[in-house]
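Asks: Chains E and G are the protein sequences, given in the same order.
Under the numbering used here, think of the first position of the first sequence as 33, with each following residue one higher.
Under the numbering used here, think of the first position of the second sequence as -14, with each following residue one higher.
Don't take every hint at face value.
Selected chain E positions facing chain G (in silico; Cβ < 8 Å) [to be verified]:
no., residue
1, 83
2, 226
3, 228
4, 230
5, 263
6, 267
7, 284
8, 287
9, 341
Here are the in silico distance ranges between beta carbons for each label pair [what the hints assert, rightly or not]:
no., chain 1, residue 1, chain 2, residue 2, range
10, G, 67, E, 204, 35 to 43 Å
11, E, 86, G, 129, 23 to 31 Å
12, E, 377, G, 129, 26 to 34 Å
13, E, 80, G, 256, 53 to 61 Å
14, E, 90, G, 179, 37 to 45 Å
15, G, 129, E, 220, 28 to 36 Å
No wet-lab data here; the hints were simulated from the structure.
Just so it is clear, the structure is predicted and the values come from calculations on it, not from any experiment.
Just so it is clear, CB atoms sit at the ideal spot from N, CA and C, and this is done for glycine as well.
Take a look at the letters that make up each chain.
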Amino acid sequence: MFSRDVKIRRRKILSAPKNDFFKTNTSFMKKILLSIVSACTLFWFSSCIDEPEIYANDNQGNFEALWDIIDTRYCYLSYKNINWDSIHTAYAQKFNKNTSEQDMFNILGEMLAELKDGHVNLYSDFDRSRYWKWFTDYPDNFNPDLIYTDRYLSDDYQIAGGMRYAKIANGKVGYIYYGDFSSYFTDANISYILNSFRDCNGLIIDVRGNGGGYLSLAGQLASYFFSKETLTGYMQHKNGNGHDDFSKPVELKTSAHKTIQWQRPVIILSNRHAYSATNSFISRMKLAPYALIVGDKSGGGGGMPLSSELPNGWMVRFSSSPMFDAGMNHIEWGIDPDVKVDMSSEDQTNGYDTIIEKAVQILTR
Amino acid sequence: MRKTTIYLLLMLSACMQAQTDKLYPLITAADQIGLSSIQLRDPYLSPLYYNGAGLKYVHTQQRFFNPENNTLSMESKASALVGYTVNEPYSAAIMYVGGDYRWGAFYHFRLQPRLQLLAGGNINAGFGYKYNSRNVNNPVNVDVAVNLNLAGKLRYDAQIFKRTVRLTYAFDSPLAGCMYVPLVDASYYEMFGLGNMTDAVHFSSLHNKQGLNSEFTMDVPFNRSVLRVGLHVNNLKYQANDIIFKFQEVGFTLGWKYNFYVFSGRKNQAPKNFISTEE
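The following block holds chain E by itself, in its conformation from the complex (with noise of 0.2 Å):
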């Protein structure tokens, strides 16, 4: 198959140590490699990297690992005065060794409780603790019976993308209620809703009862309200353990929407249960050329929450990067309205809606 000339090269090049180059250079390449090698390993082992201990899973394990979440975590200690070391001294009382699951679970709860944040949570199997005094200490301020009666979106409203959506007051205004920004709408939705309101005086957008979802949608749903982009807030994240270690704040700016613009009155109906991502919205809208703000303040949830885990397996969320308007003034503790407006009962027996109609007069009038 090869020629004699081509059998003794092969021969020369498959069998080894046969050329100078491999002989006078074996030693120092084998004195570099062993270098390298020993540089490497002295320097790997003096520089160990250690993992963490993790905290045990026995009641007082979960109980220090919880309170160091929230200790280095949580972004609202200092803005909310609260002395989380006292904090400890006070629940650590309150459980021994044996306490049980359940009762484990209720005092975790309640220390979390003391945050006074409807962003932190503890899930477990059996329950998810909460808080939600920032909506249940105030009046509703809103009945999702009311807004489907015939004088509202009666029974033949249309549905696009979340939105449920209706002509009230005679074919004048527009209405859109929006309970959740979990709901996905596209550019098509919201074009064809507006299309259907081009010859309202104005639009009413109620997101009362929406309790958040996705801060991006919040935010695409406000572009559609302003004509060039707007700073409309700042945002922060935790970039250590101290409870003041924050980063520099981000600019949280509002595009104007290329395409789909209403640039008339439009009115955000709000009250104490427009939470996380709504209120987000909400400080937004605040900056829109013709938007106003109609109903009780908003419940706030500035904080955008992370989750964390127990050893236990449980899972914390709480807030983590808080979030500011555009004067850099926390929106954790809610909007204050344009024009606030409470519900009145006489009204609501009546079949009114008493925010909606001051909504209503204020852009027909």
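With the hints as your guide, set chain G onto chain E.
Replies: Same frame as chain E, now just chain G:
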């Protein structure tokens, strides 16, 4: 006429010999699939360790740079791993999908007729996607890293039951590179939605990234194929932004090894005695 015929035959013979004089550097390739035991810790998702199993695929290719010089070779290796892990209390799970490509070069030391030491290094690009469906606003974290690694192999050809079985121990370890590690409290909304990637990309070296990726393989020749059995162990720890990540994988693979050469293009056509289905 007779002289013409003889001259033609001699010329034909010379042409055939010229073609058979050329040395073809074969590419030695191997495909392996296997099962792995995985342990990972990603503090961005959870402070707990997650343990589980995964399915792995590896494709390796190695050839000499120059067939005239059998001391320098190049190797490329692509791998993929899909795994499912759970925390110790079995209350949550992290799904893992990862891929890695590395390319490197080795210098061959032929210490003895049956024993070779390959020393060199490689560059790798790795990606991992971890998903914890239970988490809120931080359900996903990704591993993205590029590393320069120290690499080596020790090969021994053993005579076992009249077969030459190649036993290989291979390893590589990261020396330097860069990696993506977010701050534990920075949301992906802020990083990718608002474009704030501060403190997310880090230089890595032995001070903050330590790992050893090793594999022991046994190549057993049969009549028409070479079976490759492998045991691999991958230990990796890295830290940045005051959080420490861990990825540990122990697995068993089975595959086959084969040699091939690529003929392509006008200047690298296959010899006439190589028959293709394209003809």
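Asks: For each hint, tell me whether it holds in the structure or not.
Replies: Cross-check of the supplied hints:
1. 83: With a minimum Cβ separation of about 6 Å from chain G (threshold 8 Å), the hint on residue 83 of chain E holds.
2. 226: violated, 25 Å
3. 228: Cβ of residue 228 of chain E sits 30 Å from chain G, so the hint is violated.
4. 230: It is violated, given that the least Cβ distance between residue 230 of chain E and chain G is near 32 Å, above 8 Å.
5. 263: Since chain G brings no Cβ nearer than about 12 Å to residue 263 of chain E, farther than 8 Å, the hint is violated.
6. 267: holds, 6 Å
7. 284: holds, 7 Å
8. 287: violated, 12 Å
9. 341: Since chain G brings a Cβ to about 5 Å from residue 341 of chain E, closer than 8 Å, the hint holds.
10. G:67 - E:204: 35 to 43 Å: Violated, at about 58 Å.
11. E:86 - G:129: 23 to 31 Å: holds, 26 Å
12. E:377 - G:129: 26 to 34 Å: violated, 58 Å
13. E:80 - G:256: 53 to 61 Å: Since residue 80 of chain E and residue 256 of chain G have Cβ atoms about 55 Å apart, the given range 53 to 61 Å holds.
14. E:90 - G:179: 37 to 45 Å: holds, 41 Å
15. G:129 - E:220: 28 to 36 Å: holds, 35 Å
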